[in-house]
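S.K.: The residues making up each chain are set out below.
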Amino acid sequence: MAAYLIRRMLLIIPTFLGITVMVFTITRFVPGGPIERMIAEARMQKIGGSTAGPISGDQTQLLSEEQIEELKKYYGFDKPILVSYFLWLGKVLTGDLGTSTRYYDPVWDMIKERIPISLYFGMITLILVYGVCIPLGVAKAIRHKTAFDNFSSIIVFIGYAIPGWVVGVILLVVFASQLEIFPLGGFVSENFEDFTFRAKVWDIILHTILPLIAYIAGSFTVMTFLMKNTLMDNLSSDYVRTAVAKGLSFRSAVFRHALRNSLIPMATHFGNNISLILMGSFLIEKVFNINGMGLLGYESVIERDYPVVMGILVISSLLFMIGNILSDICVAVVDPRVRFE
Amino acid sequence: MKLNPLTIKKILRFRSIRRGYYSLIIFMVMIVVSFFAELLINNRALIVYYQGNYYLPTYGEMIPGKNFGMDYEYEANYRELQKKFELEKNDNWLLLPIVPYGKFETDLKEGEYPPFPPSFERSHYLGTDNAGRDIVARLVYGFRIAIIFSLILLLVNYTIGVSVGIVMGYWGGKFDLFFQRIIEIWSNVPFLYVIIIISSIMVPNFTMLIFIMAIFGWMGMTWTMRTVTYKEKEREYVLAAKALGASNMRILFRHILPNTIAVIITYAPFAVSGGIVALTSLDYLGFGLPPPIPSWGELLQQGWANMDAWWISGSVVIAMLVTLIVVTFIGEAVREAVDPKMHTTYE
Numbered sequence: 001m002a003a004y005l006i007r008r009m010l011l012i013i014p015t016f017l018g019i020t021v022m023v024f025t026i027t028r029f030v031p032g033g034p035i036e037r038m039i040a041e042a043r044m045q046k047i048g049g050s051t052a053g054p055i056s057g058d059q060t061q062l063l064s065e066e067q068i069e070e071l072k073k074y075y076g077f078d079k080p081i082l083v084s085y086f087l088w089l090g091k092v093l094t095g096d097l098g099t100s101t102r103y104y105d106p107v108w109d110m111i112k113e114r115i116p117i118s119l120y121f122g123m124i125t126l127i128l129v130y131g132v133c134i135p136l137g138v139a140k141a142i143r144h145k146t147a148f149d150n151f152s153s154i155i156v157f158i159g160y161a162i163p164g165w166v167v168g169v170i171l172l173v174v175f176a177s178q179l180e181i182f183p184l185g186g187f188v189s190e191n192f193e194d195f196t197f198r199a200k201v202w203d204i205i206l207h208t209i210l211p212l213i214a215y216i217a218g219s220f221t222v223m224t225f226l227m228k229n230t231l232m233d234n235l236s237s238d239y240v241r242t243a244v245a246k247g248l249s250f251r252s253a254v255f256r257h258a259l260r261n262s263l264i265p266m267a268t269h270f271g272n273n274i275s276l277i278l279m280g281s282f283l284i285e286k287v288f289n290i291n292g293m294g295l296l297g298y299e300s301v302i303e304r305d306y307p308v309v310m311g312i313l314v315i316s317s318l319l320f321m322i323g324n325i326l327s328d329i330c331v332a333v334v335d336p337r338v339r340f341e
Numbered sequence: 001m002k003l004n005p006l007t008i009k010k011i012l013r014f015r016s017i018r019r020g021y022y023s024l025i026i027f028m029v030m031i032v033v034s035f036f037a038e039l040l041i042n043n044r045a046l047i048v049y050y051q052g053n054y055y056l057p058t059y060g061e062m063i064p065g066k067n068f069g070m071d072y073e074y075e076a077n078y079r080e081l082q083k084k085f086e087l088e089k090n091d092n093w094l095l096l097p098i099v100p101y102g103k104f105e106t107d108l109k110e111g112e113y114p115p116f117p118p119s120f121e122r123s124h125y126l127g128t129d130n131a132g133r134d135i136v137a138r139l140v141y142g143f144r145i146a147i148i149f150s151l152i153l154l155l156v157n158y159t160i161g162v163s164v165g166i167v168m169g170y171w172g173g174k175f176d177l178f179f180q181r182i183i184e185i186w187s188n189v190p191f192l193y194v195i196i197i198i199s200s201i202m203v204p205n206f207t208m209l210i211f212i213m214a215i216f217g218w219m220g221m222t223w224t225m226r227t228v229t230y231k232e233k234e235r236e237y238v239l240a241a242k243a244l245g246a247s248n249m250r251i252l253f254r255h256i257l258p259n260t261i262a263v264i265i266t267y268a269p270f271a272v273s274g275g276i277v278a279l280t281s282l283d284y285l286g287f288g289l290p291p292p293i294p295s296w297g298e299l300l301q302q303g304w305a306n307m308d309a310w311w312i313s314g315s316v317v318i319a320m321l322v323t324l325i326v327v328t329f330i331g332e333a334v335r336e337a338v339d340p341k342m343h344t345t346y347e
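Just so you know, the sequences run in chain order A and B. With the first letter of the first sequence counted as 1, position 247 gets the number 247 in my numbering; the numbers rise by one all the way through. With the first letter of the second sequence counted as 1, position 173 gets the number 173 in my numbering; the numbers rise by one all the way through.
Just to be clear, a hint being listed does not mean it is correct.
What the hints assert, rightly or not - If you want the ones that stay clear, here's a sample from chain A, every Cβ over 10 Å from chain B, calculated:
(1) G18
(2) I117
(3) I124
(4) F157
(5) L172
(6) T268
What the hints assert, rightly or not - Just so you have them, the derived chain B footprint on chain A, three or more residues with Cβ under 8 Å:
(7) 174-187
(8) 301-312
Stated by the list, open to error - If we take Cβ atoms under 10 Å as the criterion, some of the chain A residues that face chain B in the derived model are:
(9) V169
(10) L283
(11) Y298
(12) S316
(13) S317
(14) N324
(15) L326
(16) I329
These aren't lab readings, by the way, just hints derived from the structure by calculation. We put the beta carbon where it would ideally sit given N, CA and C, even for glycine.
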């Protein structure tokens with residue numbers, strides 16, 4: 001077990017290097033990088049500032065060659081890719097993710113601001129998914145092929161077919177735009193600062209409900225059916241039949257024997273959920289305009305703010321990999337038979 | 001082709017699961033209809049009778065307006081032509097498709113701005129989008145692209161996945177270990193984010209997008225095939241084939257592969273719906289196929305940006321719901337047919 005975990009930990013290193021080298025190289029070949037954008041901005045200012053006089057060709061070049069060189073040097077664009085990659089990597093290892101080329105803020109501060117919001121939704125989702133799916137799955141397994149089972153299957157199936165963010169779009173259109181029950185997105189109202197404490201709480205709750213449904217729709221079905229199917233497999237296994245045959249009540253056969261074994265695959269999915277919340281947040285945060293990590297990542301790609309793009313890539317791939325390892329540990333804790341090699 | 005009795009049994013079992021069987025029929029009809037969408041949803045007339053000649057403008061070169069007595073060189077506007085024929089009251093006639101609008105065509109009204117709500121009078125049965133294009137046309141042509149996309153993606157992923165996976169499982173050893181590590185590393189990539197970064201830099205066309213998606217999508221099938229082959233190669237028939245002197249290639253592709261087909265087929269419907277969702281998500285974010293290619297993701301983006309136009313998002317979501325549920329039902333039925341599970345119930 002320990003050897004396995006150490007190997008998994010060590011595998012983080014090549015994975016991390018692989019991802020970052022790949023993306024770093026891609027971002028280097030892009031037209032429209034930060035330097036080009038600054039030159040364009042400077043040109044815009046020049047045109048805006050002095051409308052008099054003909055502007056032609058090189059004269060519009062506001063920044064001199066030396067200034068451009070200096071800028072390139074500042075952002076490390078003057079060196080070959082590998083050299084500047086290792087410079088970047090060295091900084092990252094000391095905890096410095098660089099500065100945003102768009103907002104001139106440290107990348108880490110920008111990400112740090114957004115993490116709590118993503119985490120808020122992630123944690124509530126995780127709790128609700130496990131809190132609802134396990135009882136629902138058990139109920140569906142026990143009442144297999146009854147009206148309750150069939151009816152709940154329909155709802156669960158719809159949730160499975162449609163991805164969470166699409167659910168989000170339709171929820172917004174119906175409940176926020178047409179019925180005007182919920183706000184149109186964002187995390188808090190504009191005049192949030194002036195609210196009393198109770199109004200603040202209520203405001204956040206109103207802003208939370210729709211995104212939360214969208215988040216839950218993503219992993220709800222998989223978990224419910226996983227719970228149901230594993231429990232049904234266990235119910236038809238010999239040890240439960242023996243227990244029932246020896247006179248144990250059905251209730252305790254389910255809850256004391258079958259259920260405990262059925263929780264193992266649920267634990268396996270724990271890590272998957274962590275990554276799902278991280279990845280899914282991308283689209284859902286965009287739909288609901290929530291200022292979390294996903295939206296920051298999306299905006300930085302659009303604005304070609306590569307230090308932020310790389311920073312988010314670093315954080316999210318690390319979280320992703322740690323999530324997977326955590327999930328393995330969960331399995332080992334829940335199921336003592338599991339021996340990783 | 002002679003089918004193995006076991007396979008026939010599986011097919012019969014699939015047919016007996018009505019929900020899945022009818023879903024398959026509906027899905028096939030949807031695909032066939034979308035392939036002949038030009039006959040149902042098009043700005044070109046199906047058939048034109050003009051001065052004693054018949055014209056079939058649907059497929060082939062565009063016919064200039066002056067051929068039908070209009071005063072312009074560009075393509076004839078058949079909706080106007082129809083009105084003109086009705087006014088002239090002579091023998092000329094034409095038949096328009098059910099939805100007489102093309103996939104790129106904008107239909108604007110004077111003094112009003114799109115999107116326009118559904119209107120039977122103007123034959124916009126689901127209304128128009130923000131640019132004034134007919135939503136039915138965008139939906140159907142978008143479906144065609146999405147389905148072709150996900151079928152090709154499936155084929156590419158499965159070709160790579162099955163061949164690498166089967167070899168990994170059969171040979172084992174260093175080859176297996178090497179690919180195990182690669183898959184372990186590769187599946188830890190936050191792939192949606194990386195795809196977005198890549199396509200923000202180079203606007204991908206259809207082939208490129210499939211290529212990019214396949215780079216991150218081949219691992220699932222590889223892993224499954226590896227495990228299955230691992231089990232299969234221990235069975236007696238492989239030993240028997242080996243004893244008879246069959247080559248490795250023959251054992252792999254004539255003996256092991258047919259026995260793993262069940263597993264491959266079981267995953268296919270879910271891969272199809274996964275492909276549709278992935279393409280829609282990328283299009284929604286604006287990192288999929290470039291406009292003006294019709295796509296569900298782009299329509300959803302429009303419906304999201306313009307929430308008062310409920311008919312945009314409503315139609316896409318219902319179309320998606322129907323398609324994905326149908327595919328999911330097929331998948332469930334295939335799984336049930338291939339691997340029926342007997343459940344014990346207690347009274």
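S.K.: If a hint holds in the structure, say so; if it doesn't, say that too.
M.R.: Structure-based check of each hint:
no. : hint    : verdict
1   : G18     : 6 Å, violated
2   : I117    : 18 Å, holds
3   : I124    : 22 Å, holds
4   : F157    : 6 Å, violated
5   : L172    : 6 Å, violated
6   : T268    : 15 Å, holds
7   : 174-187 : holds (count 5)
8   : 301-312 : holds (count 5)
9   : V169    : 5 Å, holds
10  : L283    : 6 Å, holds
11  : Y298    : 7 Å, holds
12  : S316    : 5 Å, holds
13  : S317    : 5 Å, holds
14  : N324    : 7 Å, holds
15  : L326    : 13 Å, violated
16  : I329    : 16 Å, violated
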